[in-house]
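Chemist: Whenever a hint applies, use it, and build me the whole structure from the sequences.
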Amino acid sequence: MKKLILLSGFLFALNLGFSQAEYSLNEEVRSMSQGNENALVLSIETSDIKLIEKLWSDYMKDFGAKPKKLKGTDEVFSDDADIPGVGAGNTVDVYTLITEGAGEVDVMVWFNLGGAYLNSQMHPSRYEDAKRFMERFVLSVSKELVKEELKTEEERLKDLEKELDSLEKEKQKYQDDIAQAEETIRKAEEGIRDNESAQAARQGDISAQQKTIEAVKKRLKDLD
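Numbering (this note's numbering), first residue to last: 1 to 224.
I should point out that these hints are in silico values taken from the structure, not numbers from a laboratory. There's no promise every hint is true.
Said to hold, decoys possible - Once the Cα atoms are required to be at most 27 Å apart in a straight line, the calculated BS3-like pairs of lysine-lysine come out as: (1) 66 with 162; (2) 143 with 158; (3) 61 with 143; (4) 131 with 61; (5) 66 with 54; (6) 50 with 61; (7) 54 with 147; (8) 69 with 162; (9) 143 with 54; (10) 143 with 68; (11) 131 with 158; (12) 66 with 169; (13) 162 with 147.
Modeler: Structure below.
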């Protein structure tokens, strides 16, 4: 069968509240372990290839397949996947190659229908079902990315709360220092007042003592 490179591209944006997962979905002929075959190429705007690999494996298991790495390749083979619409009542063998690019992860998927690989010209209806199959995968990726974003924001909130707690404790220490300083000042002012009273009393004592001395001197003089 003559292979054609079909340049029909689809750009979508999934708006999930404050988060957005952008992706493109194209039909292309790509090289794989079985030769050059027609594939759906999904490009997702993320740098987390490990997450995509895990989610794809989990996704294929939902369709009764057991994904496994093909020996000597980087491809993942999912045998006998039961994908409604795509298989038209039969199971499908799915080959997948996941690669990382500049700020995006590419998921190349070949659907072996048994004798032919899925393409939009020969299998228009099944191709549309395959597109929806891939778009549902993007939705699961988007949900997971939002979960991770939520986790990150919750951790950031915890950090901010810890910082606030530290600031509150620091403020309390300053307030305690002020209270302690005010108590020290109060005691010092009280000490000053007591000291001034004591000085006044001593001045009186000194005056009285000076008079006593003068009286004694006079008595001494009178004895001459």
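Chemist: Okay, which hints does this one fail, numbers in order?
Modeler: 1, 8, 11, 12
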